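Participant: Taken in sequence, the protein lines are chains A and B. First residue of the first sequence: 828, per the working numbering; consecutive thereafter. First residue of the second sequence: 270, per the working numbering; consecutive thereafter.
Below, a sample of chain B positions facing chain A; criterion: calculated Cβ distance under 10 Å: (1) P414; (2) Y474; (3) E598; (4) K601.
In the DMTMM-like style, the derived pairs of lysine to aspartate or glutamate whose C-alpha atoms are separated by at most 25 Å in a straight line are: (5) B:K477 x A:E901; (6) B:K614 x A:E1014; (7) A:K1013 x B:D595; (8) B:K604 x A:E911.
Rather than coming from a laboratory, the hints here were simulated on the basis of the structure. Source: prediction; values computed, not measured. Using N, Cα and C, we set each Cβ at its ideal position, and we do this for glycine too.
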Amino acid sequence: MSTEDTIKYQPAKADYEGKQEYNIIVYAENRIGLLNRIAIIFSKRKINIESLNTSPSEIEGIHRFNIVITESYEVVRKLARQIEKQVEVLKVYFNTADEIIWQELALYKVSTDEIAEKVTVERLLRQYGASAVVIRKDYTVFAVTGHREETDSLVKALEPYELIEFVRSARVAIIKDSASFHEKLKEFEAFEPGEELVENEFLDKGEKIFTM
Amino acid sequence: METAQDTIQTAEAKAETSTKTFKGTGSQALLNGLISEGVHTIFGYPGGAIMPIYDALYDYADKLTHILVRHEQGGIHAAQGFARTSGQVGVVFATSGPGATNLVTGLADAQIDSTPLVCITGQVFAHLLGTDAFQETDVINITTPVTKWNYQITDAKEIPEVLAKAFYIAKSGRPGPVLIDITKNAQLQLDEFPEYIKCNHIRSYRPKPKVRIEYVEQAAKLINEAKKPFVLFGQGVILGKAEAEFKTFIEKAGIPSAWTIMGEGAIPTTHPLNVGMLGMHGNYGPNVLTNECDVLIAIGMRFDDRVTGRLDKYAKQAKVIHLDIDPAEIDKNVKADVGVWGDCKETLPLLTNLVNESKHEDWLALFRDYNQQEIDQVITPELYPQGDEMTMGEVLRNINEICGGDAIIVTDVGQHQMVACRYAKFNNTRSNVTSGGLGTMGFGLPAAIGAKYGAPDKTVIAIIGDGGFQMTPQELGTIMQFGAEVKILILNNRFLGMVRQWQQLFHDKRYSFVNITSPDFVALAKAYYIEADKVDERANLRTALETMINHKGSYLLEVMVGRENNVFPMVPQGCSVSEIRLK
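Start from the sequences and build out the full structure, keeping to the hints where you can.
Facilitator: As structure tokens, this is what we get:
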């Protein structure tokens, strides 16, 4: 998905039938085999995971998964419930691109000679906000963080100048409208979860029901 | 890493039953844990990688009964039968490799039918993991999609805590199968174990939510405004042990109630508000009137496609209330207008308080009208056939007359299963044991063995087709050895009947590989020292059934039924429930 799509605002209506990009965030216990347990929820339904990042969260022992897929609201909602149902999953959030801030990290390895010789390369790198991670006699590694389109276009721009190697990370994302997960965790650790823990998606329908 | 040294030490290690801690092997810790969880019966099969556990079991014969099955699949189906009739967690032992892979069908069956199981599999030594060692399989990854939870133990220290978690997860919330894979070194490992503490909380796992009264209020409002409310109930009522709460609810609100085959028996067959079976081979009225009710109240059921038929023509006119403990089921197949997420043991009494007393006489009369049509066109010819050929239905009618609805009926999968579910009379809950979601042929015989251990005072009748019986006949050996008093009733139509019925109706009668021959079942049973008889004419049926049921001990009766009888009514696949056919 390009940055352009991200910028276009697409409200995630509950009855939205078409597919769009969704960002799924999963908080889970750090346990062997859980990645597989989550991954098969997608593969069982023949859904391709476009990007998957898993790393320790701010809370010790709890990992945060960031999964990107393109599907309809209905499918994503059901997937999220199936994931949350897993014993070692604490919480699942899913959001459309406009509801999150996201970044990917890209590394570019280029010949040091090329940069030293060609002023344009240096200008190019500055233009993309790249920072040098390693500078050696033979090669230099630059890092850029940004959206897919930004990291992609630098690849294109560097192609004439001997781009030796390129790699891009999975996406990491932060939900614009989110509360502290620490608070939620306290609830989880309590024996009797309070009402706040329950996101009341069923209750939201209240208004619409009594039209018999 | 464990060495042979430990193996030698095992023999010396005796379970010390000190008050707080005990010294012993991982295997002993496991068995002590099982006893602490109230386990008394285990279904299993030994093998190389689980030998230390079996070695320890040798000393626990006074506390733990081990039923040696003839195949691990039989073991897990037996544990399922046990869990279904007893309401307790079924326990299975199997060895690594083929032992563990043979559990997969049963795990899938238990997963889809929410049956609480704890399966213990042996695994090769931890240092051999990933080396393609003898009888090594990646059991955890193979079983991940078909277990509620699974875990591999490589260090005995983990055994008590993991076992406690396993039992808690298996039986709480929406129950399901759990598998623990224990490497041989952990089974042998000598250690000091703390006192066994049962688990009652896992921070990442919420078996049931705190019930929000707002949902219940919304549901009650809909029910109170309804003119034609209709209740669909499933196994959730039984799993939640909420049969009494359920009965009180429907009686106060006066709502006709129909069941999924997994929910059958939650209220007695003869209850005036019990209007029958849902789904593909369910009753006429419940299917047709699903598309005429104004409020549909689904309780502990999951709108399986065999229940709903064509989904876009299913109950579109109705407001849907869905009570379920599993939030992933609400809105999964049928959109709920009100989702009441919670344990029905808690939500039903709240709902009962808020609903008005009502009768809905005219609405109930509609169900009776449809029922009369079904009786005339389908039920009477099936239960009281005029032709020479015996029908499955008349066999069931005779069983009802002999047992009066108090027997436990275990079925396999196919035509006989649908006939049994349709016509068997049940007075009590936990009396119908069948493979619902997975439709596992071969389930019946082993499940009946477990069902008997789960309800030793009940008459257990396993109704099985000639096809399904030939999938797991080896369990006759288990019946022989342990004397499980199972009444085996083979309804033999010399066809794989359900597939044949579909081929007749939807594939131009092209009977492709459904013509199945059978061995001499009577001789087969007798080879296992099980009393047996065969009936091929109606005149002998009643006496033969009475002989079977009154016989002390296990018994096999083969009844030859009509070859090409079909099960009706039927909602053809892809059709709406209102398009149900009576013939």
